[in-house]
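Use the sequences and the hints to build the structure in full.
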Amino acid sequence: MQKDQFRQEQRFWLLVSLQLTGEATPEELTELENYLQQHPDMGAKMEMLHSLWKGGPADKNRRADALNRHLQRLSNHLASPALKYETVPAEEEEIMVERPSRKIHRLLWPLTGVAAAAALVFFFVYRQVPKSQPVQAVQNAVSTKRGSKSKIQLPDGSQVWLNADSRLTYDENFRGPFREVQIAGEAYFDIAKDKDHPFIIHAGSIDVKILGTSLNIRNYANEKSTAAVLIHGSIEVTLRNSPDKKIIMQPNEKLVVQNGKMLITRDTLTRQKVADLPVMTLGKAHFRENDSIAIDILWVKNKLAFDQETLEDVARKIERWYAVKVTIKDERLKHTEYSAVFEDESLRQVMQALQMTGNFNYVISKKEVIITP
Amino acid sequence: MKSTTLHLELTVAIREMQERIAFYEDMKAYNQLFELLSDGIFRFTYSLVKSNEVAEEIVSDVFIKLWQIRDRLPEIENLKVYLYTIAKNFSLNYLTKHYKNTVISLEELDVESVIEFNGPAEMCISADLIQQIRRIIRQLPPQCRLIFQLVKEEGLKYKEVATVLDISPLTVRNQLAIAIRKIGEALPAYLQSDFTVINRFSPS
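Chains as they are written, first to last, in my numbering: chain G, 1 to 373; chain B, 1001 to 1204.
Straight line, CA to CA, 16 Å or less: simulated EDC-like cross-link-like pairs of lysine to aspartate or glutamate: (1) Lys1028(B) / Asp244(G); (2) Lys1182(B) / Glu9(G); (3) Lys334(G) / Glu223(G); (4) Lys54(G) / Glu1153(B); (5) Lys1028(B) / Glu236(G).
So these bits of chain G aren't anywhere near chain B, every CB distance computed over 10 Å: (6) Glu31; (7) Val142; (8) Ala184; (9) Ile200; (10) Glu289; (11) Asp330; (12) Glu343.
Just a sample of chain B residues kept apart from chain G, beta carbon distances all over 12 Å, derived: (13) Thr1085; (14) Tyr1094; (15) Thr1096.
No wet-lab data here; the hints were simulated from the structure. What you are looking at is a predicted structure, and each value in this text was computed from that prediction instead of being measured. Even for Gly, the Cβ is constructed at its ideal location relative to N, Cα and C.
And the structure:
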């Protein structure tokens, strides 16, 4: 008799558990209902059990920022095999961010309706945010001429050093969900912390989202690439043309994006030849011995620096720095490489130093330098 | 019935993210998936390794693994189960290493359960009673506690729990019935309808 009752109760609790978890069959639910009609005293317990069961994990904030921490780890993880080579003699390490094989793969799949639609929607939504901004608001613009540099304070307290021949634009009131600026040329940013208003730098083919930090951005229209060097903090870089790819950068890393290749978009996936070349290069920023400042930002300290740069690139830097025109009369000379740092030196002194290592001749006349073999 | 619909919606949503990650390397979908599943996987992992730092690292490793195998994602039938299973394996690997290479299996492992009873406002259960229920759950056998947590807190179906823990669905069903019976028997037979009713969010 007692045994029977025990069994009946066990059966009851099994039915209750099945009902709570949504695993009960219709027959089991009916059985439970019948039992409850015969045992109305169980009503209160049932009610309590149901409300206990509904109360889920509540402290949603406990793992706030877990995603960011994870993304940081993920990016370190993805980058580490390539970056390890950096300790071996300096050669630019390359990570293929665009993978040609995957592109073909993608091309084959747009028929998967749901997935394709989701990606499209995302793409448009994403693009709308930065695009709508410049149209709506009055723009402030600060620019520097060749041969001059400038330091600006933005309305939020962020400091920006503008290198020669550069232009920074931003909304007049600088309010809204994002603090957005556009940069053409080169600038060093020391950004005021404001977690609620992410700072976004639009620089040619890349968008950089900053999470409280300082960094150098170089995006001259007449150069083949856009480069970002992070000094401290953390930033998230997205390609204008493939916003679903994010790169989280670590301090003292340098990201170079080839502007010419930026033509690769979703609708030109077939251009596999172009995609074979690395679109982005992520590596360590270079430092001189005994110098704690990356070569890329020495200009902020009023130093003119070349870091394994071709004479062609060197010439462009000199043009901006001294506001002159530099012409190289020989094709082969253009591709020879130079590394040097100058501080407070005249154009003549710089040219002399370069000449000694480069074995070329030059003439300076008024605002023009002509380099010959 | 309602919980079944929810479960189905979630499954569809996960499936969609899974495909977006596989076919488009869609970072937004990847982030969404992390936001959706990482807390649950974290609680599960924490129950096994009993350290916040280790659990966070394991969760991160699980999602790094997910990114590494993104090409194969479309083949994975139930991604949620798959990720919980990887988390379990990583946790057991960690414990095995940590405890001087004695192989650890789930059966012999003590489990720290992370079960909350922050119910809706109308919940008519006193603080004392909640303490009592917690005590009951602590006294359940480790495996039973883990099953209870996976079903109640993380919303896994019996079959899914069975796959993750590598046991039979019938065991899951029986163990959960035991947990519910123990809690049910401890509950009072009458609703407490006075001011001793508490809601943890609004100290009154």
